[in-house]
Amino acid sequence: MSKKQMMNREWAVEAQGLIKVFGDNRAVDGVDLRVKAGTIYGVLGPNGAGKTTTIRMLATLLRPDSGTAQIFGHDVVKEPQLIRQLIGVTGQYASVDESLSAMENLIIFSRLLGLGRKASREKAMELLEEFGLTEAAKRPLKHFSGGMRRRLDLAASLIAQPPLIFLDEPTTGLDPRTRNQMWDTIRKLVKSGSTVLLTTQYLQEADELADRIAVIDQGRVVAEGTADELKQSVGTSSLHLSIRDSEHVQHARRRVEEVLQVKSALSAEGGKITAPLTDTNQVADLLIVLREADIHLAEVSVQKPTLDEVFLTITGHKEEGARG
Amino acid sequence: MNTSADMQIAESQLTNKSSLRQAIRNSLTMAYRGILKVRRTPEQLFDVTLQPILFTLMFTYIFGGAISGDVLSYLPVIIPGILVQTVITTSIVTGVQLREDMDKGVFDRFKSLPISRIAPLAGALLADTLRYTIATTLTFTMGYIMGYRPEGGLGYVMLAGVLVVFCSWAVSWIFAFFGVISRTASSVQGISMIVLFPLTFLSNAFVPADTMPDWLQWFVRINPVSHLVTAVRELTNSGTIGWDIMISLIGALVIVAIFAPITVRAYMRRT
Numbered sequence: 001m002s003k004k005q006m007m008n009r010e011w012a013v014e015a016q017g018l019i020k021v022f023g024d025n026r027a028v029d030g031v032d033l034r035v036k037a038g039t040i041y042g043v044l045g046p047n048g049a050g051k052t053t054t055i056r057m058l059a060t061l062l063r064p065d066s067g068t069a070q071i072f073g074h075d076v077v078k079e080p081q082l083i084r085q086l087i088g089v090t091g092q093y094a095s096v097d098e099s100l101s102a103m104e105n106l107i108i109f110s111r112l113l114g115l116g117r118k119a120s121r122e123k124a125m126e127l128l129e130e131f132g133l134t135e136a137a138k139r140p141l142k143h144f145s146g147g148m149r150r151r152l153d154l155a156a157s158l159i160a161q162p163p164l165i166f167l168d169e170p171t172t173g174l175d176p177r178t179r180n181q182m183w184d185t186i187r188k189l190v191k192s193g194s195t196v197l198l199t200t201q202y203l204q205e206a207d208e209l210a211d212r213i214a215v216i217d218q219g220r221v222v223a224e225g226t227a228d229e230l231k232q233s234v235g236t237s238s239l240h241l242s243i244r245d246s247e248h249v250q251h252a253r254r255r256v257e258e259v260l261q262v263k264s265a266l267s268a269e270g271g272k273i274t275a276p277l278t279d280t281n282q283v284a285d286l287l288i289v290l291r292e293a294d295i296h297l298a299e300v301s302v303q304k305p306t307l308d309e310v311f312l313t314i315t316g317h318k319e320e321g322a323r324g
Numbered sequence: 001m002n003t004s005a006d007m008q009i010a011e012s013q014l015t016n017k018s019s020l021r022q023a024i025r026n027s028l029t030m031a032y033r034g035i036l037k038v039r040r041t042p043e044q045l046f047d048v049t050l051q052p053i054l055f056t057l058m059f060t061y062i063f064g065g066a067i068s069g070d071v072l073s074y075l076p077v078i079i080p081g082i083l084v085q086t087v088i089t090t091s092i093v094t095g096v097q098l099r100e101d102m103d104k105g106v107f108d109r110f111k112s113l114p115i116s117r118i119a120p121l122a123g124a125l126l127a128d129t130l131r132y133t134i135a136t137t138l139t140f141t142m143g144y145i146m147g148y149r150p151e152g153g154l155g156y157v158m159l160a161g162v163l164v165v166f167c168s169w170a171v172s173w174i175f176a177f178f179g180v181i182s183r184t185a186s187s188v189q190g191i192s193m194i195v196l197f198p199l200t201f202l203s204n205a206f207v208p209a210d211t212m213p214d215w216l217q218w219f220v221r222i223n224p225v226s227h228l229v230t231a232v233r234e235l236t237n238s239g240t241i242g243w244d245i246m247i248s249l250i251g252a253l254v255i256v257a258i259f260a261p262i263t264v265r266a267y268m269r270r271t
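Just so you know, the protein sequences line up as chains B and A, in that order. So in UniProt numbering, spot 5 of the first sequence is number 5, and the numbers just go up one at a time. So in UniProt numbering, spot 44 of the second sequence is number 44, and the numbers just go up one at a time.
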């Protein structure tokens, strides 16, 4: 019997109109979310979009100024202590004790969760093994790599085997190999019946992992759906142009927007223009216009849309620093 | 993760309340964490080891001749004074460390666990009694090395030690309160020193009160630290249990009665 059936709830998370204001910054400005039990849900957005604040409200770490949220049908404001028995939270900054060893960390969290002395030790050993940390068990965390720290952090969230796990940017700052390990771990979690709500800045990560994605920007959900639905909403393909002379880029960008009648985006390096493309034949017109304007191209390609373009199209500005 | 599927959470087991028993168990675990941390970073004990040694040496040899004629006859006066001053000063660290701890990521996890809300606070205060015990033992040991032979005997010396540890624990609630309401650890240190300096120096800890001007004597006599110092002197030097012990204990309890609730309330609001 899976946890999903046990809980007998269809929705792991239901949030309506969540608002959190810090001073005059509306960090979260009316977020609605519905996460089906037993799925991975991705909350995608740039730094400062309100992802962490949203998670903190759902995890009872922060009281919403307005709006309501239920975890498996229980209200986060009215029954926080009950909800804490249903969730595991892995923060953006490792929420483990830096001055203690991995083993000591896990034992203390196990003891706090009500396990006995012996059971805590066994649980700690089991988790360390599962997350490949056995060899480093006795070392202080100061000497841990970023990836090891994250794995320990996730392990600590799984002691009580909670049916819902919040992962706040679980792979930010990890190298590709460690990131792939983390992805495998998250997939395994869901197979065992857990629900995962993760935030990410990486479009590829949401695409890889999440069953459904909410794109969040400036405290609002600006799009929601499966990765495919989101991609379809942008058009069938996109055009990528590299301009040889960097001083011509802005000029070229205006021409692209005129001819294609869409908004374009500029890569962070400044040399690459990206625009959604509804009709591939328009490319021919555009190339002629650029030739007449004496703008030289370094590279042209037409690609299937990535979530990058989805983000661009929806929010109207380029997601900085997200290279998936 | 294979095991997680067998772990079933039935709705009926869930509660929104945490019991007193759970609060005590969680607090003890948090105290255990505090002691583990000390073991991992022994440099945290620099203050409680060096201060008793340094201060006892310094004050005894600086003031001894002037106040009591010679060092040896000053020891029964200064050791209890130094003891109280040192151990109470040590309790500032409780507030500073609490502030630092609360800013760390691990506190987020404590907050997201279904544990008693008060446990991280209570555990920290409890673990710090270890520091007070170390400071107490070292001060007495230093005194002994320098020739201090308390006439009350070992039993009363230990009783005096327990009294000082208890009173410092009570005082640490004041600093815990600053720790909870302050924004940075250094401001906790600053505020706490301002409170503590007059309290420990405007007392009879180092110098007999009757050498001071009248207006100052008035404060020195009502200062709870003076009563604690007197209580410790009576216990260690003559083995008598006088009124000053009662006054010290009542003072300690009043501090706890005032500061424990407001600290807990401020702490709950912050977390």
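Hints should not be assumed to be uniformly reliable.
Here are the in silico distance ranges between beta carbons for each label pair [claimed, not checked]: (1) D47/A with S246/B: 57 to 67 Å; (2) M268/A with E129/B: 33 to 43 Å; (3) I35/A with R177/B: 29 to 39 Å; (4) Y93/B with V195/A: 27 to 37 Å.
Think about it this way: if two alpha-carbon atoms lie no more than 27 Å apart in a straight line, the pair counts; the simulated DSSO-like pairs of lysine-lysine are [unchecked claim]: (5) K37/A with K263/B; (6) K37/A with K188/B; (7) K36/B with K188/B; (8) K78/B with K118/B; (9) K231/B with K118/B; (10) K37/A with K191/B; (11) K142/B with K37/A; (12) K138/B with K37/A.
Hints listed in this document are in silico derivations from the structure and should not be mistaken for laboratory results. For glycine and all other residues, C-beta sits at the position ideal for the given N, C-alpha and C.
Verification of the supplied hints:
1. D47/A with S246/B: 57 to 67 Å: 59 Å, holds
2. M268/A with E129/B: 33 to 43 Å: Holds, since M268/A and E129/B (Cβ atoms, about 38 Å apart) stay within the stated range.
3. I35/A with R177/B: 29 to 39 Å: 38 Å, holds
4. Y93/B with V195/A: 27 to 37 Å: 33 Å, holds
5. K37/A with K263/B: Measuring from Cα to Cα gives roughly 56 Å; hence the hint is violated.
6. K37/A with K188/B: Judged against 27 Å, a Cα distance of about 33 Å means the pair is violated.
7. K36/B with K188/B: Roughly 17 Å between the alpha carbons, so the hint for K36/B and K188/B holds.
8. K78/B with K118/B: 34 Å, violated
9. K231/B with K118/B: It is violated: about 51 Å lies between the C-alpha atoms, which goes past 27 Å.
10. K37/A with K191/B: 37 Å, violated
11. K142/B with K37/A: Roughly 13 Å between the alpha carbons, so the hint for K142/B and K37/A holds.
12. K138/B with K37/A: 14 Å, holds
In this structure, the hints that do not hold are numbers 5, 6, 8, 9, 10, in rising order.
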